Amino acid sequence: MWDYSDKVKDYFFNPRNAGALVDANAVGEVGSLSCGDALKLMLKVNPATEVIEDAKFQTFGCGSAIASSSALTELVIGKTIAEARKLTNQDIAEFLGGLPPEKMHCSVMGQEALTAAVAAYTGEELDEDDHEEGALICKCFGVDAGMIERAIRTNKLTTLEMVTFYTKAGGGCNSCREPLEELLADTNKAMAAEGLIKPEEAYVFGAAPKPQKKKAQGFVIPDMPPAPKPPAQPSAPVQIEPIQIAVPAAAAPAPVAVVEAPTPAPAPVSGLSPAKEAIVVSKIIEEMRPTFRRDGGDVELVDMEGSLVLVSLVGACSGCQLAASTLGGIAKVITETLGRPIRVMPVAKS
Amino acid sequence: MKDTALPPVYLDNNATTRVFPEVVEAMLPYFTEQFGNASSIHAFGAEVGGALRQARKSLQALIGAEFDHEIIFTSGGSESNNTAIRSALQVQPGRTEIITSAVEHPAILSLCDWLEKHEGVTVHRIPVDKLGRLDLDAYRAALSDKVALVSFMWANNETGTVFPVDGLAELAHEVGALFHTDAVQAVGKLPIDLKTTEIDMLSLSSHKFHGPKGLGALYLRKGTRFRPLLRGGHQERGRRAGTENAPAIIGLGRAAEMTLSTMAEDSARMIALRDRLEKGLVQSVGHCFVTGDPHDRLPNTATVAFEYIEGEAILLKLNQAGIAASSGSACTSGSLEPSHVLRAMDIPFTAAHGAIRFSLSRETTEAEIDRVLEVMPGIIAGLREMSPFWTEGGAQPDGFNPAYA
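If you're matching them up, the sequences are chains S and C in order.
In terms of the numbering used here, the first sequence is residues 1 to 350.
In terms of the numbering used here, the second sequence is residues 1001 to 1405.
Bound conformation, chain S alone (with noise of 0.2 Å):
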């Protein structure tokens, strides 16, 4: 059964302003016994002031039909129909507390028959048809076949990717991907055949890009180019060797001799050329060995790049249990100096 808000349930069982308004002067009716919903609003308009003064509905459809048809009746007494002219569909579902994705169109029924009403009143020609058709596709956004057709033939939209950012479909719980691969499928091949797009350009069902990458967490893998950007500070002409950092125990801060740096890791750490962070990541492991060492172990930096920190683990750290906890311990010390996420890879020395 539908998730019906308790006022859609009220205003379908005891619904207010049902049945004929023998004086009416404005009549909209919209739909059709084939759609399995249609209905009559009468409206009620005084000449003189143009305010709606009673209205009536008689619908053929289902629970929330009857329940927005009722709203729209109540919504318009006592307006204008300038102001009547202003309802939306999301009107009406708001005043009945929410309507379920796939009962929507009866608040666009709704809308619809109120237009045709102001319409007969004024007199004015109603504009096309624009319903939209089809089976309901994404229902977290409440978007049908049609509209994604027409958005894919207008566009020229190939690829799954662009249809969700056209037409919202398929952009929450994902749950109609494979009816929308099929539609896509469907209209591109039937866009190949017109002409309007070339045949290997269409999308072909089962092409799926690969499988995402779980979402990353506390660190973005590519964050920055492998390597650095080359002229970016013509001051530094050997930027990024691989920092090899002292194979003997007791060389300490060897790698600063290679860079130019007068100050190698001042206080506030952002915006540091690569080839400063490496020195600055160099220092803290540095900082950190004697730790390792107290276990029997060692951890000696290998390389740098972008947000990839790799080291090699030696001694009583390789296969120990407990290294992933000390990579985790270097790369959150890493990432609190430079303000940006790091993460620490464990690699074979060559």
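Honestly, the hints are just simulated from the structure, not real lab data.
Remember, it's a predicted structure, so these values are computed and weren't measured experimentally.
There's no promise every hint is true.
Calculated lysine-lysine pairs in the DSS-like style (CA-CA distance at most 30 Å, straight line) [unchecked claim]:
#  : chain 1 : residue 1 : chain 2 : residue 2
1  : C       : K1222     : S       : K7
2  : S       : K189      : C       : K1146
3  : C       : K1146     : S       : K139
4  : S       : K168      : C       : K1117
5  : S       : K44       : S       : K86
6  : C       : K1117     : S       : K189
7  : S       : K156      : S       : K7
8  : S       : K139      : S       : K86
9  : C       : K1146     : C       : K1195
10 : S       : K156      : S       : K86
11 : C       : K1317     : S       : K9
12 : C       : K1117     : S       : K156
13 : C       : K1117     : S       : K198
14 : C       : K1317     : S       : K139
15 : S       : K139      : S       : K7
16 : C       : K1117     : S       : K139
17 : C       : K1213     : C       : K1195
18 : S       : K86       : S       : K7
19 : S       : K7        : S       : K79
20 : C       : K1222     : C       : K1057
21 : C       : K1117     : C       : K1146
22 : S       : K79       : S       : K44
23 : S       : K9        : S       : K139
24 : C       : K1117     : C       : K1130
25 : C       : K1317     : C       : K1195
26 : S       : K79       : S       : K9
27 : C       : K1279     : C       : K1317
28 : S       : K44       : S       : K9
29 : C       : K1195     : C       : K1057
30 : S       : K86       : S       : K9
Pair ranges (Cβ atoms, derived) [what the hints assert, rightly or not]:
#  : chain 1 : residue 1 : chain 2 : residue 2 : range
31 : C       : G1167     : S       : G171      : 50 to 60 Å
32 : C       : H1118     : S       : P341      : 36 to 46 Å
33 : S       : G134      : C       : D1129     : 24 to 34 Å
34 : C       : A1272     : S       : G171      : 34 to 44 Å
Backbone N, C-alpha and C fix where the C-beta goes; we use that ideal spot for every residue, glycine too.
Model the placement of chain C on the given structure of chain S, informed by the hints.
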């Protein structure tokens, strides 16, 4: 249900049935005491194995299978249908066509749509007439040596119309095609004796005849070539991998025994109640009619189409009066198309949207039917009063000229 002190009336037994208390009782020990895996060598497993064999025998009796190993337990009717159709295609390379009907359950139709669209299978959907009876000439014309499988339902879930499956199976065999029937609605309601038919495969579901949900079976005639859908274990003789759902199978066995033991008298009683309901509705409510084949249909199913009103609205009002039924209405499914079954029977839109299905069980009483007859005229009249296709004088389908159609 809040507006009534009377107990609710459940008339949606084609959707699912109440599990018999005796069935629950039979199942319970197999959750906590006899919890063993039937495949195990120790005593825990052996006890369960014996109970499973008994349950298989009970189901064998219900469907009149010649051998108990012709039964493969599955997770339900949908799995049985999927297994049967895919297996038939796989064991007969070169045969790439399927014949089915336009009124099958979605478990068959949506799989056929998929196979047609993505796996190069040609599907013939045989139409039905206004009473829901199969177009035999169209069926004969579709048969050829390209057909791998013919799949017709035994009884329709919406109208209860019964297809003459034994005869249809013989026609299929004339061209060397396998024959499968989705008998989910028939098993437990109609006498079935498979050993006297040529049916190769039959799907059934436990919860349609007072057994637990999540269990079904595929009958596979001995000697029929077969490829399993699920691989990975020796269970069900390697035809359906996965540890047996022992409590459910034992429950199904008990439900089968109980259903079979009283089927004849239950049928007669349900037919009398169903006819009372249909006659009463047609007499007290104008502009409505009974759908389906009056000469050959399930004893428990009455689908009545009420003109100029919509099914979901009727169901909501019935629910308020404490009565549970169902509809093939578009609005309960979220699409704008009414039931594919009623449309295939060429029932006009004026009535197809307002079709209500009452499905009885052997537990349904005369008092319950009378409650429906009591409230229904008021519900229908109230909704018709609100319908733009209706005035005090009656139906006015032409008095309505919509701006958007």
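Hint by hint, here is what the structure shows:
no., hint, result
1, C:K1222 with S:K7, "59 Å, violated"
2, S:K189 with C:K1146, "28 Å, holds"
3, C:K1146 with S:K139, "40 Å, violated"
4, S:K168 with C:K1117, "26 Å, holds"
5, S:K44 with S:K86, "18 Å, holds"
6, C:K1117 with S:K189, "13 Å, holds"
7, S:K156 with S:K7, "42 Å, violated"
8, S:K139 with S:K86, "26 Å, holds"
9, C:K1146 with C:K1195, "27 Å, holds"
10, S:K156 with S:K86, "33 Å, violated"
11, C:K1317 with S:K9, "10 Å, holds"
12, C:K1117 with S:K156, "23 Å, holds"
13, C:K1117 with S:K198, "22 Å, holds"
14, C:K1317 with S:K139, "26 Å, holds"
15, S:K139 with S:K7, "22 Å, holds"
16, C:K1117 with S:K139, "24 Å, holds"
17, C:K1213 with C:K1195, "27 Å, holds"
18, S:K86 with S:K7, "23 Å, holds"
19, S:K7 with S:K79, "22 Å, holds"
20, C:K1222 with C:K1057, "15 Å, holds"
21, C:K1117 with C:K1146, "18 Å, holds"
22, S:K79 with S:K44, "11 Å, holds"
23, S:K9 with S:K139, "22 Å, holds"
24, C:K1117 with C:K1130, "29 Å, holds"
25, C:K1317 with C:K1195, "46 Å, violated"
26, S:K79 with S:K9, "25 Å, holds"
27, C:K1279 with C:K1317, "21 Å, holds"
28, S:K44 with S:K9, "27 Å, holds"
29, C:K1195 with C:K1057, "14 Å, holds"
30, S:K86 with S:K9, "26 Å, holds"
31, C:G1167 with S:G171: 50 to 60 Å, "52 Å, holds"
32, C:H1118 with S:P341: 36 to 46 Å, "42 Å, holds"
33, S:G134 with C:D1129: 24 to 34 Å, "29 Å, holds"
34, C:A1272 with S:G171: 34 to 44 Å, "55 Å, violated"
Figure legend: structure checked against the earlier numbered hints; hints not met, in rising order: 1, 3, 7, 10, 25, 34.
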